[in-house]
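In order, the protein sequence lines correspond to chains A and B.
Letter 533 of the first sequence, counting from 1, is numbered 535 in our numbering, and no numbers are missing.
Letter 154 of the second sequence, counting from 1, is numbered 156 in our numbering, and no numbers are missing.
It is worth saying that the hints were derived from the structure and are not from the lab.
All clues stand as given, with none of them false.
Since the list gives no way to pick one copy over another, a pair counts as held whenever it fits inside one copy or between any two copies.
Mimicking EDC-like on lysine to aspartate or glutamate, the simulated pairs with C-alpha atoms at most 20 Å apart in a straight line are:
#  : residue 1 : residue 2
1  : 612       : 566
2  : 91        : 369
3  : 210       : 597
4  : 608       : 567
5  : 628       : 457
6  : 612       : 601
7  : 210       : 601
8  : 67        : 565
9  : 579       : 607
10 : 241       : 253
11 : 628       : 597
12 : 612       : 557
13 : 241       : 174
14 : 612       : 369
15 : 608       : 369
16 : 469       : 55
17 : 67        : 557
18 : 608       : 568
19 : 571       : 61
Since this is a predicted model, take the numbers as computed values, not measurements.
2 protein chains.
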Amino acid sequence: MHSIKVEDASGRNNNAGDGAEASSSPSENAGVHKVCLPPHRTTFQKLGHRLSEIFFPDDPLHRFKNQTGLRKFVLGLQFFFPIFEWGPKYNLTLLRSDIIAGITIASLSIPQGISYAKLANLPPILGLYSSFVPPLIYSILGSSRHLAVGPVSICSLVMGTMIGQAISYAKEPTVYLQVAFTATLFSGLLQAAMGFFRLGFIIDFLSKATLLGFMAGAAVIVSLQQLKGLLGIVHFTNKMQIIPVLISVFEHKNEWTWQTIVMGACFLIFLLTARQISARNPKLFWISAAAPLVSVIISTIISYLIRNETHTIQTIGHLPKGVNPPSVNKLHFGGPHLALGLKVGIITGVLALTEGIAIGRTFAAMENYQVDGNKEMIALGLMNIVGSCASCFVTTGSFSRSAVSYNAGGKTVVSNIVMAITVLITLLFLMPLFHYTPNLILAAIIITAVVGLIDYQGAFRLWKVDKLDCVACLSSFFGVLFISVPIGLAIAVGVSVFKILLNVTRPNTHVLGYIASTRSFQSLSRYDTAVRIPSFLIIAVEAPFYFANSTYLQERTLRWIREEEDRIKANQQPAIKCVVIDMTAVTAIDTSGIDTICELRRLLEKRSLKLVLANPVGNVMEKLFKSNSLEAFGLDGLYLTVSEAVDDISSSWKPEKPSEEP
Amino acid sequence: MHSIKVEDASGRNNNAGDGAEASSSPSENAGVHKVCLPPHRTTFQKLGHRLSEIFFPDDPLHRFKNQTGLRKFVLGLQFFFPIFEWGPKYNLTLLRSDIIAGITIASLSIPQGISYAKLANLPPILGLYSSFVPPLIYSILGSSRHLAVGPVSICSLVMGTMIGQAISYAKEPTVYLQVAFTATLFSGLLQAAMGFFRLGFIIDFLSKATLLGFMAGAAVIVSLQQLKGLLGIVHFTNKMQIIPVLISVFEHKNEWTWQTIVMGACFLIFLLTARQISARNPKLFWISAAAPLVSVIISTIISYLIRNETHTIQTIGHLPKGVNPPSVNKLHFGGPHLALGLKVGIITGVLALTEGIAIGRTFAAMENYQVDGNKEMIALGLMNIVGSCASCFVTTGSFSRSAVSYNAGGKTVVSNIVMAITVLITLLFLMPLFHYTPNLILAAIIITAVVGLIDYQGAFRLWKVDKLDCVACLSSFFGVLFISVPIGLAIAVGVSVFKILLNVTRPNTHVLGYIASTRSFQSLSRYDTAVRIPSFLIIAVEAPFYFANSTYLQERTLRWIREEEDRIKANQQPAIKCVVIDMTAVTAIDTSGIDTICELRRLLEKRSLKLVLANPVGNVMEKLFKSNSLEAFGLDGLYLTVSEAVDDISSSWKPEKPSEEP
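Start from the sequences and build out the full structure, keeping to the hints where you can.
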């Protein structure tokens, strides 16, 4: 057994007999291994490597390696149009599954589309347009097999909130539509550009915790907004903070109509019950999938029957027949609302990506295939660019539709095509049927959809596991609720970034002890079996050495030494002679950090303490070398492992004592 | 020797014979050590620990531990008023050194004070006021023995720049003074508050690299601004960007006067030469220390002699005799300029702290004593609060004065008192002597002082060691030069923070191999002697697992596996059966990171690959445990060290083969 103690360096000598070593260790001391620099690379090579890690972490061209020209062409075609990849393998069995799934999603997406269009303050028909063109585009370009695309609550909501605050659809419908389509175009351009320039990592900064709070906040606001439809209020605020919305609800009490309230409450209970049943028993998924269509049909019939008795129940009214009209003429790149369009485009674009890609990845992980994030972005982006020219507003992968499609047995994006065809038939022939559909049913559908976005259990789990994640979640929740969508998101991203910085600014440091049975050094406070090595103080630093923490780390190291010296004095143990800093977890260093280490070494030298570093990682080693700090440390100030440092230094002390003997 | 191979698990069995182990390993497998959770602490204890690390990293109360009541009182008095600590030990020898040093700094600080006051667009006399009261306050409260306080170039410059852009001193002198004193008060309040609330770490975010660029940019602007005095220009811009300043210099060519230019050039050359001599030979420090006073005297005499010949040389003019008048009545907390005062106060306050504390720490490190950053902040803050009521503008520890004092043999803050007395005598009796002092000499002194702040060698060193630090430096340089002081600083802080985030977003990952002679696992690309272990892929992740990198780390891990599989296929080696993630350098984890690890485990399980974690640090282990993710990993998915993981897993495969034999 190899025991590391001051008195025993036999393990080290045994090592010297190891064949592999003789060649690798040119240093004077046979037992000590040189700490290598990483292989030399020029600045350009390093920059290239770094850029490729930033933009191509998944090495997207790896499949083209070692292929013939024709094969490369086919692979390229498949790369850009995934339809060529799955198309040739498509068969009737798959088609049957996809047709069933497609019709099921259509039955959900027609009422949902109409509702979400209303959520965005847009004419209801746009919801159907947006469920027709985008799915067709996505089925050609998309790399996810299970993503069902269409308008989603979060983007519709942001659109309705942000544009609605500046422009009233009732007063200026043309301007409103112009801004909405322009925003859709911008969001598509942003998505495609982010995909093209491989900037997908930007959406990583919206952490799951942030999105959890954001979605819950948005869901609360939207649900309250829907009270307009459920209570029958005519004059309603277009603000989106919780306080003005609540004031608006109670200010217009005289506009509440009991017929609307009763009918709305019944359908809301029906929809929520259906959702609950499906949630408890996933096999009954079709109940919640069919419930919206069923409610729309029943409520439309009721509304039609009582149309002459009362005029208090507001209905959708006339919807034009026919497919998407072109909307290129409505794209407007000037005027006072350009900035608004741009802002809405950026926020909805980023949110749409986050939702679409997260959902795509979830289903891909469940079915064990890969979704290329950046390619998905291009697909979603092109879908929105085309959409903005064909009277569609922002669309992306919808969680509810994708889940229903998956449960209904959808196997490929052909389900999207089937859905689009069903919507097309509706658009061409069935539009008059929606004339008497009451607004309250759309409000009920929206509430049912968004209430599911409130994941209080998730928030509780965050609290249990990571308090600061929970703070990020709550700050985006309250930010959205009381201030606004972009500010709420900005605050949450700020909190998340602050968390990273906090971890860097005040990193953990531990004093290590030796666990003989595992031959490893571990934290003394964590492992009872770890024992101190006399005359040594081994400190592990768990963070990069940066400007932001260099002062702290210097002070903390000095404090560890002071505390250790106090302890030693109290216990009358041998004094510290050497401080070892375990650099394994110091993943990077900057010039301030280097200065700190040199400073620390100087300070300790004045107190007759030796400072050595153990196991610096590649780039830290490189920077120490380049800054000439290694010269100060010399050959004996750097060790490959902590145990080697302890072995070597304690053996170098030995000769001092014997020299006194004669 | 302990060799870790699939075929050989003898080392592990040897381990089992180790005495220390039997008690520490209650797991079923005798050779495997349990990965411990850190000691349990409640949320409040953790919060308390975290807060104490943030605010009290140096444990300032440690000296009060185990002391009697009276001793505690004395220590407390010494803690708050360091004068009680060194006062009793003060003796005549020290006094002699301090008197020499004090008079030497005074001879520097009188012309410097006048110059810096002009730099801040303030009446010259304020420079002397600011060299009288603040040093007295600091000598009572300050904990640094070598810091000589007074106005400094950087703060005077920021003050002059920012206030000068909004208010013209020539037109509204009272308003200008009001804003200047109010800003001084705010800066003092900010400093004292930061010290009191122990927020000293905020100034750490101004890294050395940022300050390097900032100072160089400011020095260039200030030097160009001084062309006003050196060329004799009367009408000059009060803007502070390089382009308007240069335009202003050449626009007023008709105002240039040759007498001023010749005299200015001569003195500038004299001062720069003196500086150069002292820089080459530190023993001749007194040459550069005395040069400003000598130039002032000579130039004043010349100016006095030729006063009737020419009126082209502008002079300081009448200066009032007497000590600091009170300025409490000039503090103004309202009106249109409050925001400006606040902004100037914050920026100068932070810069003053950065400079003062950095200099204090430098000298403390040289003389091997400790300076308490937060206490220093309170001292500097109170100094500025009192100063703002006694006609002083922002003061802090000055590098040039402290260096001169140190070189002149100053031993304690008494040198500050001596300097203050000398300034007092000047204020009372010698003020009329400065009547004919020409402005050009002040310009020459300022240029000489600020040119020394341009450290191009430091910038080159940054480039050599750390490219991104150099980018931060350059961005603050150009930001200050072309935009403005606060924006330049903000950009530089942004770049520094971006650097931290980049490191977290795209961390390094390595494939590890085994170095038999050191019994350690190291990067294969760095150590030629490291060898792969068949059937294992060991990946070291060098960053915390955060939302910002969880997608990347998942993709990168899958890519490592893919690349390894390609390599194995090409070389016909045994397939990978187990992926080990070395978590030693994963210093933290959040909920997104936990999800990623679980997801990765699920993905690999589908591909019949085992994923295990080695050596998770304390808080990572705790979070994995709290999130119940450990249940998925089970007892055999976590190992204390990589070698134990390799040993244990490879030994568990062994029985499979023998079972086929019979």
